[in-house]
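Top line first, the protein sequences correspond to chains A and B. Under this note's numbering, think of the first position of the first sequence as 20, with each following residue one higher. Under this note's numbering, think of the first position of the second sequence as 100, with each following residue one higher.
Hints were generated in silico from the structure; no laboratory data involved. One should not assume that every hint holds.
[Said to hold, decoys possible] Under the rule of at most 35 Å between Cα atoms (straight-line distance), these lysine-lysine pairs were calculated in the DSBU-like manner:
1) Lys260(B) <-> Lys235(B)
2) Lys356(A) <-> Lys374(B)
3) Lys235(B) <-> Lys374(B)
4) Lys250(A) <-> Lys162(B)
5) Lys260(B) <-> Lys282(B)
6) Lys260(B) <-> Lys374(B)
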Amino acid sequence: MTNLDQAIDCDVHPTVAGMQALLPYLDDFWREAVEERGINSLETVSYPPNAPLTSRPQWRGSSGRAATSASDLAAQVCDRWHAGIAICNCLYGVSLPFSEDMAAAFTRALNDWLAKEWLDRDPRLRGSIVVSLQNTEYAVDEIERCAKDARFVQILVLAMQETPLGRRALWPVYAAAERNRLPLGIHAGSTFRHSTTSLGWPSYYIEDYASHTQAFQSQVASLVCEGVFAKHPGLKVVLLESGVTWLPAFLWRFAKFWRGVRSEVPWVDRSPAEIVRDHFRLTLQPFDAPADSDIVERTIDHLRSDDMLLYASDYPHWQFDADEVIPAGMPLSLRRKILVENPLATYDRIKLPGAQIKA
Amino acid sequence: MNIEVRRPERAAKARIGIIDCDIHPKSSLDDLRPYLSNRWWNYLQTYGQRQRHGYVKGFPYPKSQPLACRRDAWPPGGGLPASDLDFMREQHLDSYGIEWGVMNPLSPSGQGEQNDELSAAMAFAANEYQLEGWNKRDPRLKASVIIPYENTEFACAEIRKRAGDRRFAHVLFLSRTSELLGKRRYWPIFESAVEAGLPVGIHVFGYSGRPMSNTGWPSFYIEEITEHSASLQASVASLIIEGVFERYPELKIVLIEAGFAWIPALGWRLDQNWKRMKDEVPHLRRAPSEYLREHFWVSTQPMEESEDPDHVIEVMDWIGWDKILFASDYPHWDFDDPFRALPPGLTEEQRNKIYAGNARALYRFA
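Isolated chain A, as found in the complex (with noise of 0.2 Å):
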């Protein structure tokens, strides 16, 4: 059995109780702007706040929110569950707003808020720059702001953007995130620009969570596809709450693709299996397989892949229950890389205490 104690957790999720607690790290302009317009949430619909799958019941405190504190959150992912370092990903929707000036505002002052509310208060957890990209030299101007600040491990966007993110007006955030050794982390949720299936609005939630993995699909072949592992080789991404399983059928389409149509992208020299293969790494949770150990264990093989995975509860987003946060099935050999391994090959500015790595 591995030592759980030193678990990397990738995937947790504070919870900005109300926009109060960002108006200390907004400036006067913004602070202002919020009372006088009446800002009163950036919640997004993308986690409709009483909807199950935003937490586990058991886990909402009075508020009805859960994770509002650094104590809860490492009380469960820490103490309960292992973790010795947990990637703090907040997924307050700064990212959404369509002007770019108040959008860089309010990513400001959630990096600040997630740094003094969160990582002063618990040296286990570490953090992800949220950045807008409506506005390149903003979003570059604040990966390398909060880049100091080394207990921050990656940069964090939403899967759907305004546009794929390979497309070469977002290169810089790139070159900025290669520069600072942070992975480009890219999480399950929409600034809405466009309807959240490529089809139009579903008419239910299940249907809106279920259209993220769509949006990793084509994040996945236009980050390849537009070329940008070949102008920065050593960019890792990291697919956040992206659920697994799709990824395989996904690659088999991609990479047949490729080679009957591989003219049109002559800088993608590979298969795109192997760019992917190398280049992108994802959470464990959601897994998305039924509670069945060969299933679990057969798409385990069709990754073909054990360097892909990172551990991550998902916590307070109730994807599993009990403390089962890895799946039935996963092969035992698997464990210690998923755990520590992987996390520790991704995140370049996570090292364990210690730094002694015991099988």
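Assemble the complex: chain A is given as a structure, and chain B must be docked to it using the hints.
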């Protein structure tokens, strides 16, 4: 995926008749002329088609080769690929021993046209031409009921016209509809299909007018074709979650050229969230994956190729050996050779089901 010409004698190697569920016969606008009114013929001459993308001719994402066709599929006597029945027989139908073929004409067919009335007129004409230009000359070729799906009333009327005509195999949608297929506006179309006893085929492509992905417009043709399965995943989820199959338990859906290996993972993801949020969809009486298993058929081309061939076979096993239909996509560049496309390692029984048994049971051709 290959562009070799097979010699007719290879037909002798076909141990069973193959049912090819995706053949694309090509007609010209002139072919449709006898079935179009003067009004719409003149309209097409003057204004042309407007198909929710920018170009008068050609494609928003240029294909990898002219008309996305095999280089060797241009008939020696002239004309466009798959426009010449004799050459199609020689190169494809006879060469591979195709017992039945399902025609899914893509253009000109008026599907997705901005003007609903023009769309309906062209669909009618394209249906007539499938019968007169193709089926009458080679009854192996079954027609699709092309419908102007963005106008429910016109679509239903076209299906009713064709009900009971055994020359039609199924009702045909393109996958990029302007809204998700489970939305109520499309339900009368499913009702008409069920009443006519026809499955509903959904072939990838078309233009919804929306960005190709839910994260905007990609840059490349390779992304467009890869995206099709993602957008179809959204429509499949919509059909299930909206409760279409509770309302129309007889409805059968055939997914064409969308790949199939994504089906199990989609079902697992929907099940996972349905378990937590059943209260949102009280009209569903079963897990989403059960509707998926019961109501959907898939066609093989473009056959997914896993690096380890056993992997795709495992996925086929999860989908169900009774639900997979062979398709070649003739005459397009990513044509799957009937003799080579299926992974090695299938049993004789599995191959027979995919090549013909499943399609025979679904379509009941005669």
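Hints, verified against the model:
{"no.": "1", "hint": "Lys260(B) <-> Lys235(B)", "result": "18 Å, holds"}
{"no.": "2", "hint": "Lys356(A) <-> Lys374(B)", "result": "30 Å, holds"}
{"no.": "3", "hint": "Lys235(B) <-> Lys374(B)", "result": "51 Å, violated"}
{"no.": "4", "hint": "Lys250(A) <-> Lys162(B)", "result": "26 Å, holds"}
{"no.": "5", "hint": "Lys260(B) <-> Lys282(B)", "result": "24 Å, holds"}
{"no.": "6", "hint": "Lys260(B) <-> Lys374(B)", "result": "42 Å, violated"}
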